[in-house]
Amino acid sequence: MARLVLLDADVVIRAFELGIWDKLTAKHEVVLARSVFSREVRDYRDPASGRRVQIDLGPDLDNGRLKVMDADLRWTAEADNVCCSRLGGLHGHGELESIAIAKHAARDALFCTADGYAIQAMVVIGLREQLISMEKLLQAAGLSRKFNTRADYQFSEAKFRKWVRLGSIRLAETEGL
Amino acid sequence: MARPDIAAQVAARMKLARKELGLSLRAAARLLHFNNYQVLASIEKGAREVTTSELVDFARAYGRELSFFLALGRPAAAPDVRWRNRAGTVTTKLAEQRFRNFLEAYARLEELSGRRVGGFSLGSDHEVLSWEDVARLGGEISRQMELCGRPALELRAVLEEKCGVKLLVAAMGSAGSAASATGDFGAGILVNAMDAPWRISYDLAHELFHLLTWQQESQHRDAEAESGKPLRERYADGFASELLLPEGSVGPEFRGRLKNGRISFLNCVELARAFGVSTEALLWRLVRLGLLKKASVEKALADDNLKKVDKAARVGDWANHPGTKPSRRFVTVAFECLKLGMVSRGRFAELMGIPRSEIAVFLAEYGYDEAEDYVGEISAP
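Chains as they are written, first to last, in the numbering used here: chain A, 1 to 177; chain B, 1 to 381.
Bound conformation, chain A alone (with noise of 0.2 Å):
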């Protein structure tokens, strides 16, 4: 059965790039936080021509293949209270609300990112299970691929242990507080 996971931005924009949304989508149960999915995934570079394509989610709602959550109020304070207080740096919209969502309402999904303040604000605030890697999220779709040029290196599941390493760093130095 497919397993429910939630992307973040950068991962959405990279399978547009990759020109596997589809075949994604079809093998995972998808879901965006609404401030990724209306603010965030606008467009992508077509790697071949260059140019900026206008990424339309809309269908891909209206067919259910893709699912948005909105993260409440206390949620997203909560993780920011918690990103501000143990990790210190600058979070987005984006990142905070599927952090908020992560913990609150899809314990049960796991979270694809390849960014590394939410890898590290997941590690901190104890959701290390409910992280992969763009790289193994292919992988468990069956659409294994090697992540050798360096687009793919920030997806790739070497850079993502590097993030993880770093947020338990992080989290043995906070704890405590």
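Because the hints were derived from the structure by calculation, they are not lab data.
It is possible that part of the hints are untrue.
Unchecked claim - 20 Å max Cα-Cα, derived SDA-like pairs, lysine to any residue:
1) B:Lys339 with A:Asp152
2) A:Lys162 with B:Ser113
3) A:Lys162 with A:Asn148
4) B:Lys339 with A:Lys67
5) A:Lys162 with B:Gly376
6) A:Lys67 with B:Thr51
7) B:Lys339 with A:Thr149
8) A:Lys162 with B:Thr51
9) B:Lys339 with A:Glu157
10) A:Lys162 with B:Val375
11) A:Lys103 with B:Thr51
12) B:Lys339 with A:Gly88
13) A:Lys162 with B:Leu340
14) A:Lys162 with B:Glu372
15) B:Lys339 with A:Arg161
16) A:Lys23 with A:Ser144
17) B:Lys339 with A:Leu166
18) B:Lys339 with A:Arg165
19) A:Lys103 with B:Glu336
20) A:Lys27 with A:Gly64
For chain A, the structure is supplied; the task is to place chain B on it using the hints.
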């Protein structure tokens, strides 16, 4: 544990943010694309709770960070922003709020990347009580900044890289021409991207004067406003001329262009362009230096031929416009944080004013590559 009163806090801060912008319920409802203002009224009363995504819409429309609505405790006091030709409209207040957000985010990025925060190396306690003080300060600051003979050409970079001034060039329409601010974040200058490049250089120098005399101006501000005499503004203009048109460079170049004791309009314009200032600013500086008579300059400035020559010659200067592209220093500091995982990609794109999909292309323009690990360092003794 989530706080039970967060919805009430958010509602109250929405109202506060709207009122601080001077927006009526109806005007705010239009800005937020609500069909009627009653919806907004019920949100502000706490009768209708917003979702996170809706709150993001509010934050953007009101020029606030999300944390302004969500953070525990009282909102921090907003740093003082001082304007030159402030229009006082909602657009002005929005530009001011976004300037504050920029300064605070910039300082936070500096802190996260391990740089010194708030280091305005030129000091804000200079006293200027006369035109002689203006001239003295102009010379002193020019030496401290180690400006070249054509200061306008490097002013932006030196201010930011060497003096720790955070610069924001923003398209703000008729909101105002320029503003400055100091605070825990250091010192910052906001200039209008819709102004001509030579005007922007002048605005930077003008605002620098306000930063340098910030403490003194804080004491005299009320009296100044009451008397209605913009003496400090004239001092700031004088300082800008001193800084951008140093006597030691302008004098010899002016004399070199004289023919039979006269200088052509074209040469005036070319000299102004060479120094990166307006022709008017150059001519008044030459009066101040005793190289031209006031009456001759007034006559020249009223002459349509000078305006025509100036307009035609300036067309190419727009190519030197800084635009709204973030400065190299700001991008570098933010990129360091991105590499450290201390700023998210979504926030990075927002700070740089680019779509999420364009991060790699944007970074390449500055010579950076997110896929590079940038390992390796040299020990300093």
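Right, here's what the structure says about each hint:
Note on Lys339 (chain B) and Asp152 (chain A): the hinted pairing holds, with a Cα-Cα distance of about 16 Å set against a maximum of 20 Å. At most 20 Å may separate the alpha-carbon atoms for a hinted pair to count; Lys162 (chain A) and Ser113 (chain B) meet this at roughly 19 Å. For the proposed pair Lys162 (chain A) and Asn148 (chain A), the alpha carbon gap of about 17 Å is at most 20 Å, so the pair holds. Simply put, Lys339 (chain B) and Lys67 (chain A) have alpha-carbon atoms about 31 Å apart, too far for the 20 Å limit, and the pair is violated.
Between Lys162 (chain A) and Gly376 (chain B) the CA atoms are separated by roughly 17 Å; this keeps the pair inside 20 Å, and the hint holds. For the hint pairing Lys67 (chain A) with Thr51 (chain B), the CA-to-CA distance comes to about 16 Å; that is within 20 Å, so the pair holds. Annotation: proposed proximity of Lys339 (chain B) to Thr149 (chain A) holds, straight-line Cα distance about 18 Å (limit 20 Å). Among the hinted pairs, Lys162 (chain A) with Thr51 (chain B) is inconsistent with the structure: their alpha-carbon atoms are about 33 Å apart, more than 20 Å.
A threshold of 20 Å between alpha carbons decides the hint, and for Lys339 (chain B) with Glu157 (chain A) the separation of about 17 Å falls inside it, so the pair holds. At roughly 14 Å between alpha-carbon atoms, Lys162 (chain A) and Val375 (chain B) fall within 20 Å of each other, so this suggested pair holds. Restraint check for Lys103 (chain A) and Thr51 (chain B): satisfied, since their Cα atoms lie roughly 16 Å apart, inside the 20 Å limit. Between Lys339 (chain B) and Gly88 (chain A), the direct Cα distance comes to roughly 15 Å. Compliance with the 20 Å bound is thereby established for this hinted pair.
Distance check on the hinted pair: Lys162 (chain A) and Leu340 (chain B) sit about 11 Å apart at the alpha-carbon level, within 20 Å; holds. For the proposed pair Lys162 (chain A) and Glu372 (chain B), the alpha carbon gap of about 14 Å is at most 20 Å, so the pair holds. Only pairs whose Cα atoms come within 20 Å are accepted, and Lys339 (chain B) paired with Arg161 (chain A) is accepted, the gap being roughly 15 Å. Proximity of Lys23 (chain A) to Ser144 (chain A) is assessed by CA-CA distance (about 12 Å); at most 20 Å being required, the pair is judged to hold.
Simply put, Lys339 (chain B) and Leu166 (chain A) have alpha-carbon atoms about 12 Å apart, close enough for the 20 Å limit, and the pair holds. As the CA atoms of Lys339 (chain B) and Arg165 (chain A) are separated by approximately 14 Å, the hinted pair is consistent with the 20 Å bound. The straight-line distance between the Cα atoms of Lys103 (chain A) and Glu336 (chain B) is roughly 29 Å, outside the 20 Å bound, and the hint therefore fails. With a C-alpha separation of about 13 Å, the suggested pairing of Lys27 (chain A) with Gly64 (chain A) holds against the 20 Å cut-off.
Consistency with the previously given hints fails for numbers 4, 8, 19, ordered from lowest to highest.
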